[in-house]
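Protein chains: 2
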Amino acid sequence: MPHPLDSFFAPASIALIGASRDHEKIPGRLLAMLRRNEYAGKIYPVNPNYAEIDGLTCYKSIAEIDAPIDLAVIIIPARAVLPALEQCAAAGVKNAVIISSGFAEEGGDSAAMQDEIAALAKRTGMRISGPNAEGFFSQVQRVAATFSPAVDVKPGVAPLIATTRRIGIVAQSGGIGFAYYHRARALGIAVSYVVSAGNESDLGAGEFLDYMVQDASTDVILLFIEGIRDVDKFLAAARRAAEVKKPVIVTKVGRSGAGERAAASHTASMAGWSAAYDAVFAKYGFIISNDLDEALTIAALLASNPLPKGDRVAVVTASGGAGIWGADAVALQGLQVPELSEQVQAEIGKLMPSYGTARNPIDVTAQGVTSGGLQKSVDLLTVSDEVDAILVVLSLSSEVRKPFKEADLTPVLTAHHKPVAFYSYTVPSDFARRELAKSGVVVLSGLTHVGVAMRQIVDYAKFSLPKPADEARLPARDLSAHLKSPVLSEADSKALLRAAGIALPDEVLVKEKSELDAAVAGVGFPLVMKVQSPDIAHKSEVGGVRVNITTKGEVFLAFEALLNNARKHRPEAAIQGVLLGPMAKRGVEIIVGTMTDGTLGSMVMVGLGGITTELFRDVVYRPAPVGAEEAGAMLKALKAAPLLNGFRGAARADVAALAQLIADISVLAARHAKEIAQIELNPVLVHPEGQGVTIADALVVGRK
Amino acid sequence: MPHPLDSFFAPASIALIGASRDHEKIPGRLLAMLRRNEYAGKIYPVNPNYAEIDGLTCYKSIAEIDAPIDLAVIIIPARAVLPALEQCAAAGVKNAVIISSGFAEEGGDSAAMQDEIAALAKRTGMRISGPNAEGFFSQVQRVAATFSPAVDVKPGVAPLIATTRRIGIVAQSGGIGFAYYHRARALGIAVSYVVSAGNESDLGAGEFLDYMVQDASTDVILLFIEGIRDVDKFLAAARRAAEVKKPVIVTKVGRSGAGERAAASHTASMAGWSAAYDAVFAKYGFIISNDLDEALTIAALLASNPLPKGDRVAVVTASGGAGIWGADAVALQGLQVPELSEQVQAEIGKLMPSYGTARNPIDVTAQGVTSGGLQKSVDLLTVSDEVDAILVVLSLSSEVRKPFKEADLTPVLTAHHKPVAFYSYTVPSDFARRELAKSGVVVLSGLTHVGVAMRQIVDYAKFSLPKPADEARLPARDLSAHLKSPVLSEADSKALLRAAGIALPDEVLVKEKSELDAAVAGVGFPLVMKVQSPDIAHKSEVGGVRVNITTKGEVFLAFEALLNNARKHRPEAAIQGVLLGPMAKRGVEIIVGTMTDGTLGSMVMVGLGGITTELFRDVVYRPAPVGAEEAGAMLKALKAAPLLNGFRGAARADVAALAQLIADISVLAARHAKEIAQIELNPVLVHPEGQGVTIADALVVGRK
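Residue numbers (this note's numbering), protein chains in the order written: chain L, 736 to 1439; chain E, 736 to 1439.
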């Protein structure tokens, strides 16, 4: 399938606007970089000061070039960029990368220049990356449209390539994007593209992600984000990645106060709220990693292995201590390291001396390496149905000796029965890396990262895009009458929810004492009474709540007391009256809410109610709307999930009803995102299975 | 101060028992290894098959050598080892390292041979390391008493050494010990010793740790543990390390899988089996790391920097994205990345172009590197009182360019104002490593590890050995009368605790209805009634508890009901009667307990009571006894600590009284460790400040 950015990433011709003969400076390096990487297309240097550069005709302006130009790489002073772009557009140039700095990152007039670039792109249809970008590199078509030294070619050094599958790198920081590339190459992971997004006047990370998702030469995607600007394109690309099951490993920085502060100043982007990003990542099965080496370890496993069918890992080693450490590393990530059956132990036991062990971790001992027992153990385990993945833990520091023969190892690995990870506890030698690369092995060097990576690919293998929300469950309703003021009292919030089709207990708002008798007759005993005011968020703090009331006398006394308490504590509050409702049946206290992220839109959240939510940060978010199935997955992701599933002999809670409520509330929030900023149901009481849920309290906040 | 192991680690003479001419095999490699590492003492090969090896006289037996021998390195078949050791002892050899395998790791007769080695060591006073050891390497005295290829010397390659301070490595796995060494050398961290402990027939990891703690050439210790055997020596060495404040970075493996203890009670079942180790590590300020590279990153920072005086970090970079990531990496570990004052920002701002930022993270931009702004920013920050540590985040992949000049950087770092960590997001070049090493810099390569390491050294800087427990607070008492059967009922447990001097509410155990009146008169209303039986661990599960009883009528009814319920649910249980006690005042529910670790002895634990303890594993252990100060530190280490400190407007809890209770219980458990296996106070109700604590329920389990 052709893609609009094909001519960007695979240009048949490139104009270098600002080309220079000075190889010490960035403009001068670009031409050499293109050539050293063996770019096969036409190159047109443009610079009014030269007639020729490095043997190529140099043009005074883009207009002089009498040939179609797919890509203009622009590296001239900021003020000259816009006129150059106008000329490019006039000459029919299809795409441009602006490497020059001095735009939005400087603010003021410079930022205004960037706005004009964006407008030009929109007006002319020319696609523009940057400004302030580090450019891109296509390993596939050998296009080095960047000055990054990471893609420079060292003469006489054969690149290390272990994987046939390739990773594509999309980064909002050029420095980090090319650092991924640099580290990937050192490991032997093949790369399709690296693209840095810069200031994203036109082309953004979302659109680049979209390219990598559809690109046949990209098998795994590494994504580095400070803050997404082309949100719709990003979300569409993310969904597509999930649909075609192409793994995306994402790093989102700006997770701390200081990081956020810097992200805001650095890219002038709306950094957004990390929990909202993580919610989106989780929805689409992105693999989140906040460490460069960990991300590459995950990428390495994905690029060199099939996905595992389960979570049982065999650890194979020649060193007892290292084997225990390897077993810990995967087990502490929640993977199983099962003891092997006696039969398999007996078979493996034949391959090693008596002081080895075949239980798992399997220690073939140093002697087992030289005798071939190591290789045979791996052979056996790859076809055994007792484990789903293998972790080989060895010292691979020798510059002369190797523990596997290529002819033995390659067929076992290329059969692709299950993932086999290779970790060296000593610093792996170049020799070992190159020898094992011949069998498709990436030698890994960080044990915790390996453990995390194995867990991540187990989870990724199980991931599938959740079913969409069932929007038809909630009828479309006009709620505007309920949202005349932005902050609603509990009674008003509940009225809105009822109007929207959410089930709530019957309650009565009583304004005058004379209405109490009728209210009690409707509600029945035992009952709860709560003072109502949009100005009082925490009713119990003002003595505004009475529970378990069982007589009319108490009702009348409570009515007076609640109103008096509220007036005393909050003399300025507008008091609506007192809400009478039935005492709810017992249940597990859960909080369900929705809120709006400035970048990524409506989010729905669920957490264990009470103090634990705050204390242990045990909450899960997803972009709204979610279906009941996805809401169920949210509940499983809570640390407190056991509480809902019959903890310590308690009855199993009605998880299905809770999941449906989360789904319904999420549909409501997403549908009315322009009117409703926030919904909080706290607590929701989840009764035993089959007995449903009760929304005990609710708060809706409208948009201002 | 001389140490008994001086002649082991710095032998003036070495006999190689089992020396060989075959350099391909391990026995043959030892002599060459010693020589290539320039061992300066005398070497005596011993092998009856040769008269000469590699130009040295070879002896038929140790008896033939007419000179004192400090160390015998033994690598002969297992069955020949014991006779050789006898000869060594007879010849007055001071120490031996047995590299040969085939002893305890094989079991049976082979294990018995190891017992004989241990007995020989005890009998003769000769100190023996191994068998099944990988030997040791002393960089200080250039003793390579090992076959590990990690210490082999590559001709023509100058070692990379960045630090003047040295790390000493003690490992129960030779493979891992020398892997630490291999990785440390690659980073440029100087090493004093590497010693592998092997089967520890005589010398164990504890004694080796002791050597490193007192050794003047060792500044930081790396310790790798599978399971300590010489526990008393280990604990003494650990205490000494804390006293002299020599940092110990410890990895304890075997944290997962088998080894889970079967335990009757809730408390012990959560101890896990490395919780006791972690408790000891915490007590002595050991830095726990479960990752090889992380451990080395911490070691690198400690070996090349002063300790920080606080937790405020400045992040300095030339790449916006990398700077944000750096800020995240330290901030997510709980360190501060404060915005700098306007004054400091203005000063630093002068050193960079307008699109840089001085807020923190400080982005001097690529231009700021070449203009010297990077160096000057570091200069300024090292003397600023606004930050306590600096993290420099750069690309250090160039083989020709470097961002600092040695002459500028060295004086700033050698002034040792505060730690400065250097992280490269690209793979650091050998050039950069060597150039920066001249200024004492270890270039670090894993960002998360750097964040963790910075946090760890901040914590380590604050650590001091807690005050010992005040044993005099609890009078010594004979408790044997209370421990006639191993499992005690609540009433019996409480009687034991009272006898030991622990304050508890006055309660009455009622066996006959006729005693109820007197009991009520003593206890008063409201009261609680609980059925008592050593056979009923969970009273509420058999309907054996009634709370908030306010009338005599209820008391009589409850008495019958509780006994009937218990008899119905547990017809076989021996029922003692019903315990009447006062309703406790409200308080934060805490669990306090003690248990016994088979290796490390009595442990005391504290956790938030109720479901959260189990659900969130929020418990803290320390070896018993602890003082009130240390108990207070345990409470601060709980995730739920905010609950005790006036959470959400509640009154601050009586933390001092709780800490004292923990201390007292720990003294009791340690003092009676031979009689008491376990104590569980659950719940302890912690009342508002000044109002003390109430032990609501208690269980004591004696040793069987």
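I should point out that these hints are in silico values taken from the structure, not numbers from a laboratory. Take these hints with a grain of salt, some might be off.
Stated by the list, open to error - Residues of chain E placed beyond 10 Å of chain L at every Cβ, according to the derived structure:
1. A1010
2. S1106
3. L1182
4. N1300
Said to hold, decoys possible - No farther apart than 16 Å at their CA atoms in a straight line, the calculated lysine to aspartate or glutamate pairs in the EDC-like style are these:
5. L:K889 - E:E1349
6. L:K1374 - E:E1349
7. E:K1374 - E:D1353
Ideal Cβ placement from N, Cα and C applies to all residues, glycine included.
> Far enough from chain L: is every CB of that chain over 10 Å from the CB of L1182 of chain E?
Replying inline: violated (6 Å)
> Would the least Cβ to Cβ distance between A1010 of chain E and chain L come out above 10 Å?
Replying inline: holds (14 Å)
> Does K889 of chain L pair with E1349 of chain E here, judged by a C-alpha cut-off of 16 Å?
Replying inline: violated (57 Å)
>> Hinted pair, alpha-carbon criterion (16 Å max): K1374 of chain E, D1353 of chain E. Please report holds or violated.
In response: holds (6 Å)
> Does the claim that N1300 of chain E lies off the interface hold, with its Cβ farther than 10 Å from every Cβ of chain L?
Replying inline: holds (16 Å)
> When you check the alpha-carbon spacing of K1374 of chain L and E1349 of chain E, does it fall within 16 Å?
Replying inline: holds (11 Å)
> Would S1106 of chain E pass as off the interface with chain L, using Cβ distances and a cut of 10 Å?
Replying inline: holds (15 Å)
The structure is inconsistent with the numbered hints 3, 5, although it conforms to all the rest.
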